[in-house]
Each structure stands twice: as C-alpha cells, then as structure tokens.
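A.B. asks: Letter by letter, the chains look like this.
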Amino acid sequence: DAGITQSPRHKVTETGTPVTLRCHQTENHRYMYWYRQDPGHGLRLIHYSYGVKDTDKGEVSDGYSVSRSKTEDFLLTLESATSSQTSVYFCAISVLAPTYNEQFFGPGTRLTVL
Amino acid sequence: AQSVTQLDSHVSVSEGTPVLLRCNYSSSYSPSLFWYVQHPNKGLQLLLKYTSAATLVKGINGFEAEFKKSETSFHLTKPSAHMSDAAEYFCVVSGNTGFQKLVFGTGTRLLVSP
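First to last, the sequence lines map onto chains A and B.
Quick note: the first sequence, position 49, residue 265 per my numbering, numbers continuous.
Quick note: the second sequence, position 33, residue 72 per my numbering, numbers continuous.
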C-alpha cells in the first residue's frame with residue numbers, strides 16, 4: 217500500500233461543467249501521474265509531476281490541466297467536461313531505483329460525463 | 040520510442056491448467072518490463088518486474104515471466120490457474136535509467152472456468 221487515495225471515487229457530471237479530481241499521497245514521493253483507462257487502450261498518461269509546481273504533459277493531455285502546490289496533492293482538472301472524457305482515472309506515484317521506475321496506483325475515480 | 044503488444048485480448052483456461060499471457064515489446068534501448076494485474080473494479084497491482092538482472096522473474100501468486108531479448112518477448116506464465124486469477128493483466132515497458140515513463144499494453148482479460 218503506497219498510501220494513495222483518490223477523491224471522489226465516483227462522479228457524474230454534465231457536459232461543459234468543470235471537474236477536479238484529487239490525488240493524495242502520504243509518503244512524500246516526488247513523482248506523481250494521472251492516467252485514464254478506457255477499454256481497448258490500456259492506461260494512457262495524461263500529465264505527470266516531478267515536484268511541487270513542476271508538471272509536464274503526457275500523451276493525452278488535451279482538455280486537462282493539473283496542479284501541484286504541495287508534495288502530497290496532485291489535482292487533475294477538466295475545465296469543461298466532454299462525453300469523451302468519461303473514463304476511469306488513476307493516480308500513481310513512482311519509486312525510482314537506479315535502474316527502473318516502479319509505479320504504484322491509487323484505487324481510481326470513475327467519471328461519467330452526460 | 041517504446042511500445043508493447045499484448046497478443047491476446049482474452050484468454051480462457053480451466054482451473055488447474057497452465058496460464059500463458061503473451062507480450063512482445065519494442066524498445067530502442069534496454070528496457071524494464073512489468074506485469075500488472077487489475078481485478079474487477081480495483082486498482083492495478085504489480086505482479087513482477089524485469090530490470091536487467093535475472094531473465095526469469097518470479098512474482099506474486101505463483102506467476103513468473105521470462106525476458107527473451109532475441110524474441111523481444113516477456114510472456115507471463117503460471118503452472119496452475121486458480122479461480123482468483125481471473126482479472127485483466129497489463130504488460131508495461133519502460134526505460135531502465137532514472138526517470139522514464141511507463142507505456143502500457145492494451146491488456147489481456149483472463150477468464151478461469153471451474
């Protein structure tokens with residue numbers, strides 16, 4: 217258990233509304249990630265963070281923004297939700313060893329955009 | 040660039056029979072490779088990892104995988120399936136130096152019948 221929580225766990229919202237998902241970790245890890253999971257696509261990286269206020273885009277970042285003002289919290293915002301953003305969102309942290317990057321995942325947030 | 044191909048979207052076995060989930064990877068440098076498991080409505084759990092040490096890697100719950108560079112494969116096996124193994128399995132590739140992003144396969148759903 218890497219001490220990762222996500223909130224909310226489930227959310228239903230309407231097209232055009234803003235949505236913020238929160239990821240919280242308790243173990244002071246530097247690297248944090250947001251993924252989305254869709255059938256037939258596995259997990260795809262949305263954004264990641266390598267420190268407070270340091271973030272970068274992943275492969276599917278359009279329509280999403282992130283913020284990290286504290287080490288323990290990584291927020292994902294959908295500025296204006298669309299139906300194509302209906303998905304399950306996972307937060308992850310990584311533990312870097314000299315030769316690999318091992319990631320641990322939160323329980324997920326199921327988002328439905330109507 | 041890195042990519043991973045999971046050759047089967049679904050695999051069905053009977054309880055007590057062997058499991059084989061196939062994964063081929065592509066990487067322009069020495070990779071790290073992982074298998075993750077996701078039980079229904081749960082997060083992802085690391086099964087095992089290859090990080091350029093022993094080519095035969097043992098993981099949790101009796102699973103193992105063999106890294107074959109000549110075949111660019113990292114297939115997951117288990118001698119005897121259990122009903123609790125029914126889940127989705129993801130093969131993942133990354134670089135093996137410092138911070139690297141993970142690239143996920145599209146997943147293989149394992150079905151286990153009594």
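Derived from the structure by calculation, the hints contain no laboratory data.
Don't take each hint at face value.
[As the list claims (entries may be wrong)] With the Cβ distance kept under 8 Å, some of the chain B side facing chain A (calculated, not the full set):
#: 1; residue: G82
#: 2; residue: L83
#: 3; residue: L85
#: 4; residue: K140
#: 5; residue: T145
#: 6; residue: G146
#: 7; residue: L150
None of these values were measured; they are calculated from a predicted model.
Don't be surprised by glycine CBs; every beta carbon is placed ideally from N, CA and C.
A.B. asks: Taking the hints in turn, state whether each one holds.
C.D. replies: The hints, checked one at a time:
1. Residue-level restraint check for B/G82 holds (minimum Cβ-Cβ distance to chain A is 5 Å; threshold 8 Å).
2. Because the closest C-beta pair between B/L83 and chain A is about 4 Å apart, less than 8 Å, the hint holds.
3. Here the hint on B/L85 is kept, as its CB sits about 7 Å from the closest CB of chain A, short of 8 Å.
4. A cut of 8 Å between beta carbons decides the hint on B/K140: the least distance to chain A is about 6 Å, and the hint holds.
5. Of the supplied interface hints, the one on B/T145 holds, with its beta-carbon coming within about 5 Å of a beta-carbon of chain A, less than 8 Å.
6. Given hint, B/G146 at the interface with chain A, holds; its Cβ is 5 Å from that chain's nearest Cβ, closer than 8 Å.
7. For B/L150, the interface hint is violated, the least distance from its beta-carbon to any beta-carbon of chain A being 16 Å, above 8 Å.
In this structure, the one hint that does not hold is number 7.
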